[in-house]
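Number of protein chains: 2
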Amino acid sequence: MNSDMLIRITRYYRALNRLRAIGLEKVFAHNLADAAGVSAAVVRKDFSILEIHGQKRGGYEITDLIERISKILGKGDPQNVIVVGCGRIGKALMHYSGFEPDGIRIVAGFDSDPIVYSDVSHPVPVYPMSRLDEMVEALDVKVAIITVPESAAADTAEKLMEAGVKGILNFSPITLKPHPVAAGDTPAVIHNINIALELEQIFYQLQFPDGKSSKRTDP
Amino acid sequence: MNSDMLIRITRYYRALNRLRAIGLEKVFAHNLADAAGVSAAVVRKDFSILEIHGQKRGGYEITDLIERISKILGKGDPQNVIVVGCGRIGKALMHYSGFEPDGIRIVAGFDSDPIVYSDVSHPVPVYPMSRLDEMVEALDVKVAIITVPESAAADTAEKLMEAGVKGILNFSPITLKPHPVAAGDTPAVIHNINIALELEQIFYQLQFPDGKSSKRTDP
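Going down the list, the sequences are from chains A and B.
Per our numbering, the very first residue in the first sequence carries number 341; after that it's consecutive.
Per our numbering, the very first residue in the second sequence carries number 341; after that it's consecutive.
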């Protein structure tokens, strides 16, 4: 499965959980297409690749679809996530309730500032960085969100890897890369979300629709 | 220029501004490669496509590079952005100082809750939604960040388009799509950042490195 298809499948999965939550039992390719921002033909093709077939009268049972897709996506294990850097964005993520429908739980925060980690008003416990190794192991954490300042991001990523974290969602503006690993080992998975970069790209695309800005073409 | 190249160029641009800010005058392909997460060969190739050539002794003048890339990226116009939905994530973005080096300014917030827009402690003015049209025009705003709850996102996007906003960065978990437009018209530019989806993809990639999860292969 390539990454575009994976994105679509996770979007179908999210939409299905929401549809079930509002009491629906059956869904059509067209509904999922709307939710995922693709055409119904793409949904049908994805399902055909995954060997998911609709019913004779059309449509799919939502419960059945959720069960099948959740197996494909490897759901079922606890998806514990920590937030490292409890500034404004980190705090916003600790309070965010939108992860629950996806089985993702923010279980703890970490910060180097005693004022932050001594504050008990956070929705989840916040620990000093010195307890990272211990808590990552205790909470069985594989994935962390980095919301530290730019200058601390690379060092934070190193500490997370050393503590046993395998996946990072990085909100700091520097681009983090996984280290090369020995053959057979699995490299860390790092996704970078750079908000300023996204805005810049929007401005660029508005100014030069279809990349017509440049007379040069890509090789 | 394709979108991968655009992302790299904006990364070079960010890195150059930071390097200049700390007093450097000269930069090498390797420095920019590190900052953008690519190889030095890719940087050199990009620059060759853009007809940017280094100096005989190696390296590039930072000031010169910034000027050239800023022309390519269409910089110079004010890049005013508004935040619609001043909950925790919206507030965090209004306080975020990382946009300034890129010439992006958050100029106002909007919220439907009188408690929020009557609060004068925000770093930028926050207006009621009823003043959206007026303020978008007055502030010459082309791009908005949506940080409203999921249930309000589609409606908010409509209102923004009607007010004259052309570009949207959407943080709500539903996927927003630009409307089809008549031939000759420019469609809106919408980027969706779905944090839960990013985390799900990381979990998936950790569980099934290289997409080996599924016995089916992509067509």
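Note that these hints are calculated values from the structure, not bench results.
Don't take every hint at face value.
The list treats identical chains as one, so a pair stands whether inside a single copy or across any two.
What the hints assert, rightly or not - Derived DSS-like pairs (lysine-lysine); straight-line CA-CA distance at most 30 Å:
#1 K366 to K517
#2 K411 to K385
#3 K385 to K517
#4 K411 to K366
#5 K366 to K385
Okay, the hints, checked on the actual structure:
| no. | hint | result |
| --- | --- | --- |
| 1 | K366 to K517 | between (42 Å within a copy, 24 Å between copies) |
| 2 | K411 to K385 | within (19 Å within a copy, 43 Å between copies) |
| 3 | K385 to K517 | between (33 Å within a copy, 21 Å between copies) |
| 4 | K411 to K366 | within (19 Å within a copy, 52 Å between copies) |
| 5 | K366 to K385 | within (19 Å within a copy, 51 Å between copies) |
The structure agrees with every numbered hint stated previously.
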